[in-house]
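Engineer: Residue numbers (this note's numbering), protein chains in the order written: chain G, 1 to 394; chain X, 395 to 788.
Note that these hints are calculated values from the structure, not bench results.
Quick reminder that beta carbons are idealized off the backbone N, C-alpha and C, glycines included.
Do not rely on the hints blindly, as some may be mistaken.
To be verified - Label-pair distances were calculated between CB atoms; the ranges are: (1) LYS94/G to ASP702/X: 18 to 26 Å; (2) GLU29/G to GLY610/X: 36 to 44 Å; (3) ARG33/G to ARG733/X: 54 to 62 Å; (4) LEU649/X to THR28/G: 57 to 65 Å.
Unchecked claim - Facing chain G, from chain X, some residues (calculated, C-beta under 8 Å): (5) LEU404; (6) ALA593; (7) ASN651; (8) LEU761; (9) LEU762; (10) PRO765.
Number of protein chains: 2
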Amino acid sequence: MLEPGVFDDLTDAESKALAQCRHAVLGTERPMRLDCGVELGPFRIAYQTYGTLNADKSNAVLICHALTGDQFVGDSNPVTGKDGWWDSIVGAGKILDPARYFIICTNVLGGCLGSTGPLAHDPANKQSWNLRFPVVTIADMVRAQAALLDHLQIPDLFCVIGGSMGGMQVLEWAASFPKRVFAAVPIATAARHSAQNIAFHEVGRQAIMADPEWKGGDYRLHDTAPERGLAVARMTAHITYLSEQALQRKFGRALQNRDALGFGFDADFQVESYLRHQGSTFVDRFDANSYLYITRAMDYFDLAAAHDGVLAKAFKGSATRFCLMSFTSDWLFPTRESRAVVHALNAAAANVSFVEVESDKGHDAFLLDEPEMFRTLSGFLQGAATARGLRSPR
Amino acid sequence: MLEPGVFDDLTDAESKALAQCRHAVLGTERPMRLDCGVELGPFRIAYQTYGTLNADKSNAVLICHALTGDQFVGDSNPVTGKDGWWDSIVGAGKILDPARYFIICTNVLGGCLGSTGPLAHDPANKQSWNLRFPVVTIADMVRAQAALLDHLQIPDLFCVIGGSMGGMQVLEWAASFPKRVFAAVPIATAARHSAQNIAFHEVGRQAIMADPEWKGGDYRLHDTAPERGLAVARMTAHITYLSEQALQRKFGRALQNRDALGFGFDADFQVESYLRHQGSTFVDRFDANSYLYITRAMDYFDLAAAHDGVLAKAFKGSATRFCLMSFTSDWLFPTRESRAVVHALNAAAANVSFVEVESDKGHDAFLLDEPEMFRTLSGFLQGAATARGLRSPR
């Protein structure tokens, strides 16, 4: 079925994604009011599910993805052909086992893999939104997810979990819909985006907008793409996802396919070649305008500001069980950011556990094979599942 | 006097700079052999001096500038109209007082403020070098400075001092010309560029080269300039010069000339506005190709590699007195990099003192008002001057 306005002019990536996942068209009867004041509707949310909702609807887990993530958390990404981005955690016999949980992962509002974002057509005038798409917030993304749960008739979630921007959504869920969240796992995240992180995002956006192929955001109209700008944005961001130690250990000053310095501007060093590769592969799977919107949503995130400047107020009276994790070498979302959330949760007398995981892998550690993270998560979920009355599979 | 080939087609900035400083044309009789194998000559070195060389030529101080620095260390920059970049240290009554010392600061080889670099004409064919200029190294910059000292008939230096890339030159001076350096002060620097630092440089270069106005480096031929790319490069680099704490203290999430979020892509936050300003003012004073060359020189710097992989060998038998400083919040050239140099100097039984200065200002601290740095430097120089037999002024 083609819903008017929300299925026009899909990109190849969107078509491939929507063919391999579910979607819902929401806000048809009543549009959703965004933080910016715009009434959005209808809009599409693309999502993937794993497992089956149990009879008492008590086993739903929502996984929230990070800046450049997507809904294909536990199965092959139809655009890149790569494994799901949290394949290590989601799957048969793994911590989030579809035999036990009904797992949902949505492409965020503003995304570019099937959910409505700047790529979509404005139903009002049949034109691509591009930069006329309203700026969305983390709270808007969460509202859209809540609308999806309403649509699926799922009253509440056993667990909301995510890292980085996914963790921001987890915190927003706990603050905005406390009764719908039994357990919350915000990983490698913060309750507000720091000045340094806003600065790095701004550099990325400037790189995109400096690319003449961007054309004020209307590149699809002109059949161009700001690939070079987007690649530079990705390269900058990618450095922030890794620790200095990890880069040194992985690459150091090793040369790329050569025995001596080339005395030129080719990629002499492996780290240069690696970064260029990160940039060039990213543009094949991500939309530049979507990158602008999602980074902006992260910049705008400030949970305390929305609660009279007092973070603890965001969690007042919360019955949610929290488990926070940070990584020692993560300098993008350092441990002190998680501690600030833990302090606020303590001040709100919430149920919270916190683990700082020893790792030299930087921010990306949350996506990688980190046994201490797996143990912590497994133990926390087991306890929460018991408290929720969820039976073990088999 | 117009020397053939080395005064053709000056930029406005070069003309202004050369009108306000001295210069020497070197390599006229015998070209200088660069690390890449190219024989360079004639070439021009622009330099500024303060004070007077004493009768026994024992009071010469060479100050080495950082990536985007210049020769105007202690007097007004004729391009920007701003105070000298180390005005806090160089001047009457200050630590480096022209009444006591003969202070020299050269624009580095490869620079864009009067010394020969990619902007210059290749004397062989009267064409602008642009990207055909040979890739120079820190050692080449130091060789050019040594050639200038020969030209000025100054046998040796009382002190070589500099921060960041300036510190690399100091280390190279001590290693290559130990007998010409009585005292050496490398500040906030490293004996080799790290993988993370190479990565940040590569992002900056990619931003410049992605700008269509760059035109393979031949933008002057086309009367264009890759200003947007260069601005993005500067913005990225600028973040690395500041600490996360300094950005948070200075800007936090404060908004720029507005009471509420703008829900758009203008500079909502002060930190965005500040960064954009850093980018846009930089392009008025710096050349994009020069930025490529100088970052490359830093990437290539690896003092141990040039000495069988053993850093201590670089300083074997050195009689130079060393004073190193680092800053606690500098994450671009963190303290461990200075410690590695100190360990090597100790292993070489050199005379070394080291101070880690407590500061939250990040890498840029070396350019700022840091009383502990001033005290350390003042004490060290006083001791060295006494040992050298330099009398106090007046």
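Engineer: Take the hints in turn and mark each one as holding or not.
Structural biologist: Hints and how they fare:
1. At roughly 49 Å, the beta carbons of LYS94/G and ASP702/X sit outside the given window of 18 to 26 Å.
2. With their beta carbons about 57 Å apart, GLU29/G and GLY610/X fall outside the hinted range of 36 to 44 Å.
3. Between ARG33/G and ARG733/X the beta carbons are some 56 Å apart, a value that agrees with the proposed interval 54 to 62 Å.
4. Taken as a hint, the range 57 to 65 Å is violated for the pair LEU649/X and THR28/G, whose Cβ atoms sit roughly 36 Å apart.
5. This hint is violated: LEU404/X has a C-beta 24 Å from the nearest C-beta of chain G, more than the 8 Å allowed.
6. At a threshold of 8 Å, the smallest CB-CB gap from ALA593/X to chain G is about 5 Å, leaving the interface hint in force.
7. Taking 8 Å as the C-beta cut-off, the interface hint given for ASN651/X is violated, the closest approach to chain G being about 16 Å.
8. Taking 8 Å as the C-beta cut-off, the interface hint given for LEU761/X is violated, the closest approach to chain G being about 19 Å.
9. The restraint placing LEU762/X at the interface with chain G is violated, with a minimum CB-CB distance near 18 Å, outside the 8 Å limit.
10. A hinted interface residue such as PRO765/X counts as satisfied when its beta carbon comes closer than 8 Å to some beta carbon of chain G; here the least separation is about 25 Å, so the hint is violated.
Violated hints for the displayed structure, listed by number in ascending order: 1, 2, 4, 5, 7, 8, 9, 10.
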